[in-house]
Amino acid sequence: MALKKVKGSLERVFEKNLQDLVRGIRSNKDNEAKYIASCIEEIKNELKQDNMAVKANAVAKLTYKGEGDAELDVSGADGLQMLGYDISWAAFNIIEVMSSSKFTYKRIGYLAASQCFHEGTDVLMLTTNMVRKDVNSAQQYEAGLSMSGLACFTSPDLARDLANDLMSLMASTKPYVRKKAVLLMYKIFLKFPEALRPAFPRLKAKLEDPDPGVQSAAVNVICELARQNPKNYLSLAPLFFKLMTTSTNNWMLIKIIKLFGALTPLEPRLGKKLLEPLTNLIHSTSAMSLLYECINTVISGDIGFIVFRNAGPERINTGTTSRLNIDPRPPTPVGIYDVRAKHERGLSVFILCVQKLRILIEDSDQNLKYLGLLAMSKILKTHPKSVQNHKDLILDCLDDRDESIRLRALDLLYGMVSKKNLMEIVKKLMVHVDKAEGSVYRDELLSKIIQICSQNNYQYIINFEWYISILVELTRIEGTKHGHLIASQMLDVAIRVKAIQPFACKQMAQLLENTHLLVGTAVQANGICEVLYAAAWIVGEFPQHLLDPRRTLESMFYGRITSLPGHIQSIYVQNIVKLYSAIIRQLEEEEDREKCQETTQFMLDKLPQFTASAHLEVQERACCIIQLLKYVNKLLEKDVSVAEELTGLFDGELNPVAPKAQKKVPVPEGLDLDKWINSPPSDDSDEEVTIDTMFIHDANRVNHTPAYEELSEEELEKRRAARREDQANNPHYLKDDKRSKPKKKKLKDLAAENSQMSVDNIPVAEIDLSVPLHVPGETYTEISGISVTDEYMKKVNLQTKKKHRKRHKKGKRGRHDSHSSDDIPVAHKVDIIEEEMPEGAEVSDHEHEDKRPADDPHRALDIDLERPLDERDRLPVREHYEVGTGLKLSDKPEEEEKEKPRRKHRKGSEEKAKGKKEGKDKDKKKKKKKSHEKKESILTEKPAEEAPTEEPNLLGEVESEEIKENGVLEKEEETVKVEESATVAASQDDSQKMDDISFWLTKDDVGTKKEEDSIKQNSNEAEETEEPTHQVSKKSKKEKKAKKEKKKDKKKKHHVKEEYEEMGNGEEAPPPEDSAATNQEETPEIPPMPCYKLLAENPSIKMTYQTRIDANQSHQVVVSVIFCNLTSSHLKSLEFNVLDSLNTKLVREIGATSHDGVKVPFQLPPGATNEGQFAFTVSSITMSQKLRGTLTYVVKDDEGSTSEKLDFKVHLPISSYMIATPCNSDQFARLLSGGELTGKASVTAQLGDAEFREVLARICFYCHLVVVERVENTVSLYSKSIQGHHICILMKAMPNGSLSVDGKSSDSSLISNLLDEIRLLSKDST
Amino acid sequence: MIKAILIFNNHGKPRLAKFFTHYNEDEQQQIIRETFHLVSKRDDNVCNFLEGGTLIGGADYRLVYRHYATLYFVFCVDSSESELGILDLIQVFVETLDKCFENVCELDLIFHIDKVHYILGELVMGGMVLETNMTEILTRIEEQNKIEKQEAGISAAPARAAAAVKNINLPNISTSNIHLPNLPSFK
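The listed protein sequences derive, respectively, from chains Y and G. Position 185 (the first sequence) corresponds to 185 in the UniProt record's numbering; numbering is contiguous. Position 46 (the second sequence) corresponds to 46 in the UniProt record's numbering; numbering is contiguous.
Just so you know, these hints were derived from the structure itself, not from any lab. Every residue gets a Cβ at the ideal spot worked out from N, C-alpha and C, and that includes glycine. One or more of the hints may lead you astray.
[Claimed, not checked] SDA-like, lysine to any residue: derived pairs with alpha carbons at most 25 Å apart:
| id | chain 1 | residue 1 | chain 2 | residue 2 |
| --- | --- | --- | --- | --- |
| 1 | Y | K1280 | Y | L1187 |
| 2 | Y | K378 | G | E51 |
| 3 | Y | K378 | Y | A499 |
| 4 | G | K41 | Y | K1240 |
| 5 | Y | K174 | G | E136 |
| 6 | Y | K1240 | Y | I1219 |
[Said to hold, decoys possible] In silico negatives: residues of chain Y with every beta carbon more than 12 Å from chain G:
| id | residue |
| --- | --- |
| 7 | Q574 |
| 8 | G1157 |
| 9 | E1204 |
| 10 | T1274 |
Whole structure, please, built from the sequences with the hints as guidance.
Following this line, the structure appears as structure tokens:
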């Protein structure tokens, strides 16, 4: 043994180490590939040896190879395949090295793994236990190492299995480990979203970690999470606010400020709060990065303006525009209103920021210039006016030598244009297009020109002739990728602007005559030749405008048209016939028979060149048409007139269709799109030898993907597994590239692909053009005398001058113009045709779809973090896997599971349905296991792995966690817990107090309330803040809307114009059934309604409560109670208990009896207010419930402590189980006629002098009903209970001042009880 | 999030490539090549940011790079990172390298790529910034090196001796150090 060891280390002297390898590669520059191959052989041999050192060395070399390869510049397939091969054989060795007990080797192993393992690596499943061991290692660097590695190759399985271990590591005593664990959690969340909720409280606690590194890591993780789903993290705002005002770590500050940038748009009141600290930072910081982020947040969060907007509608118009023109100066002293001063301040911050940005852009440091422009583009979206003031600066940046900066400046141009300067700006850009070297920048310029011109439905274009000319000029650009873009613009303009059609036609004819120039520039998909597609179509569609149709017809046959892409050729063929029929018609009118025959003959001579096309569509069309023409020819010979029939072929007008039209076609009743038409095809994928292939003569077209079938998730999984196995067994299978395999190809793509391929096949002889490519623009001009773009500018200038002299009669119809300052007349009588929408399409302004791709992990992370933790939020705990049971478990019948309750906790996902009894079972089992483990790992002093944290103690998460952190042994748990929780509560008191964002924001409002004198504003705000956040934001939006509307009324002119614009938006048809929305707008001034009801009150404490439900939990209701300390002493040990009824039970900690109360997880300092949530399980929701309960608490003051109690009654009305669910009138009618709703009830109530509108609003608000339709004083309402009952209500205000309410529901007692509640509610008002 | 960290020299030879999202080796090489083409054609006095190429990123991503002597340090980051912050992070990284290798030059990166990876591992973890405090980073690296040394002990002596002999005739490559310009510190 000893000998072997000596031998081993001696051998190592002669082995190559990493340095030798590098040296070798460098000295073998000529035949690197060969050298590498020999090295790989060596490495393979080394890996076979037992000696860990040798292995580690080999792996280290392999890792280098991963990178070294590029150095080799291996372009041959050989070397690359080798790499793919590499991982599959070395991966196992890497794992071996990772599992070494020596840190040195482990390090090498993990480095190799982090470089070459990824989610899809097969061997990863072998690593679970090893990684777990390493992560939990007592050696902090070993733990750190494995965590760094894991961060690079987390797979869903690893994430699920290790989530729990990492959770406990977040509470490690070593900051280094904590820091890494916190960061790693983010990766875990991405792969295993279920971990987010259970881990979140702890993550949140880490925000206040004593170690700055850990703190910063936690901020980092939460910022990443919040960036994707900001609304879920609003409640953390107070905590971050505190951090922002106290921290000095710039890294962290930047992250926090970025986070606020994402939050403020969701909660306008936050902006108000941030104003001051941000201003302070802007003034005080010396770090440019921080300054920049502050500015960024102020402008992107619109902070200055949010504050400003709240000031009232009148100020907006007077303020913004005039003020932003002026240099920063202290806001004019306004002493009248404090409010006003505050808003002035908000505005001045905004001005300050814009000014700072200008300074940045003017800075000589290119980095700052770039960032300044970047930030400007954010302002552009919200306040284009304030950017327009810096037009000079931005135009200058277009000339910058730095491409990044030019691109940024281009972005900004978008918002700079107006009717006046569009031509000028575009002209400038055209000059840049000529000058630009590098196709990327030029393409960018091109697309920007088009974007600028076409924005807002061509809002700024006053002369479409000019625009067409610009488009034609753009076709001169060589090698652009945007041929298609230009083409679609040409088509769009030509179709929609009727007045321009003659001109467009002539221009297109010119283009067609110069085909050779366009075709010359390399035929490529999406190249400039795409323009011919548009040209051919336009000419064919509007032949009546052509000067010389025959000539155009001929020009369409000249040049190398057969080398054009297939789809263009087919358009050619089709439009040649259209043109031909127009010519024939004309000739027949002139009765020129001879010419007719001659033209037909010409066609028959020329068309056959298309019949040989490799493109199927072209061929087919050409053949078809030749036959048609032969027939026509026969008729012509018999002297029969054919024009009528010929033109009949192409009769009718084509109208533009709105882009969303297809999507908006309503699904006909009774059509279920998800239903199988035929029975699903059999599993056998071999049958895919499709009929397709039989017909395809072009070898390239074989890659037709078979029709995509919708497969169920299981089936897919099964197939995947089968395929994986297949691949594993297949020696020829090299790489697992399932990612790159497109699952589904859209027809369009397929077509494009096909066309491209067939084009590639055509031998294209590159012709050297003697004519320079610049010619077209000029030649067009020379040929036809069409004025070039510059001349349009002159024309316009002249016209405007004229116009200034005599202003009358504008030729604008059907078009909108928004900038009243731009009084430039539109050159043509332009009539933009509206885009068509299908009949019966629903129009919705806001189509909020998650734009993230379906596989974006962040979608899954959109999780409600406020809901208290429950059984489902349990992390999978390490268990012994039983081979084979894992998969089958879910299929097992219930009974069997009950018999063997233990089996249930094998896998986390199966643990959903679990009784308390079983939970106890589990505890016992765990305790047993733990004691074993403790013995084993007594030396390592590891924090206990499973014990307390896994217990899903409702609301008690924090306590148990703290216990763990302090390393309290499990036995003492019970006894210590109480004390612990007390101290914890005390220590976290402050933060807890700030927890509820609503309260936090209120505090400010209440504070300032006294200062502010404007009463109306005040009352609104105060009441507003009594409501929970989500409702508040809704409300404030509503109010804002109302204000806006007021504003609109005042500025009637403006208003009308805006409406006009909306009409002109093309896709909008009058909203057919958006009545719910309109209704809301109609009733803007409903007084705010408090939703917290008084629960109980005595001299020392006041409790108000509100019920909340979760649509996903059909048997739970959460009562959220606000405790308010009215005394000047501390209240502690609050315990909340309720006498359970048969139907409704308070959810207590596991193991607690119904006599034990639930501890309120906080204390109340004098005057403090905090909110606690208590969950109840409800079995039946058809009756309202009143539960008696007691709150016990200890009053502690200087003299000592006394314990007191307060009795209360929690009222759980039926309405508290309702979920306001939107429903359209169709569905509503179907429900009513469906016969499903058997329960009926009706009541009448007296309206008294209350307005129906108000009563309605109150009923909707408290009973969670949604208005389906409203016709004057009759309203239909809909709601759904958490258990899925439908509730349909018809409410009528009778002329005699009474209110009749009829209801239908699937449960009769439910509806009758609900109607009683409604009756009571309506009475409240009288 | 940081998507990738690349180091290559003036000729586009990669010296370090760390990807935090998976690309196969083919794509990695392509990305490096593309990035090099984007970065190398830029003057030294233009800004340090540019929009990513077609392979890496998209609209949300940005390349932040710095050029030191013969090497380009390129970070590909998304919009959640502060651009100037990343510039400073690169500086911290290079300064740390400089401290660890004593006047770092390209050769150090070539021959001790593993060490460079370890150092980088203390700054960035799984695409997220782990630590920016240089003293903290240095102590962590020191401590880990110490463990390695302890483990190596006597058994490593022969290998070390051999390595020393081999190292005598280092190939003749220009050993221009990465000159650290004195940038305004971030802290």
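Verification of the supplied hints:
Taking the CA atoms of K1280 of chain Y and L1187 of chain Y, the gap is about 24 Å. The hint holds against a cut of 25 Å. A hinted pair counts as satisfied when its Cα atoms are at most 25 Å apart, and K378 of chain Y with E51 of chain G qualifies at roughly 17 Å. Straight-line distance between C-alpha atoms of K378 of chain Y and A499 of chain Y comes to about 37 Å, which puts the hinted pair past the 25 Å bound. The suggested pairing of K41 of chain G with K1240 of chain Y is violated, with an alpha-carbon distance near 78 Å, which exceeds 25 Å.
At roughly 14 Å between alpha-carbon atoms, K174 of chain Y and E136 of chain G fall within 25 Å of each other, so this suggested pair holds. This hinted pair checks out: K1240 of chain Y and I1219 of chain Y have alpha carbons roughly 20 Å apart, not beyond 25 Å. Look at Q574 of chain Y: its CB is around 35 Å from the nearest CB on chain G, clear of 12 Å, so calling it non-interface holds up. The Cβ of G1157 of chain Y lies farther than 12 Å from every Cβ of chain G, with a closest approach of about 43 Å, so its non-interface assignment holds.
For E1204 of chain Y, the non-interface assignment is confirmed: its Cβ lies about 50 Å from the closest Cβ of chain G, beyond the 12 Å cut-off. Here T1274 of chain Y stays apart from chain G, with its beta-carbon at least about 50 Å from theirs, past the 12 Å limit.
Checked against the numbered hints above, the structure violates hints 3 and 4; every other hint is satisfied.
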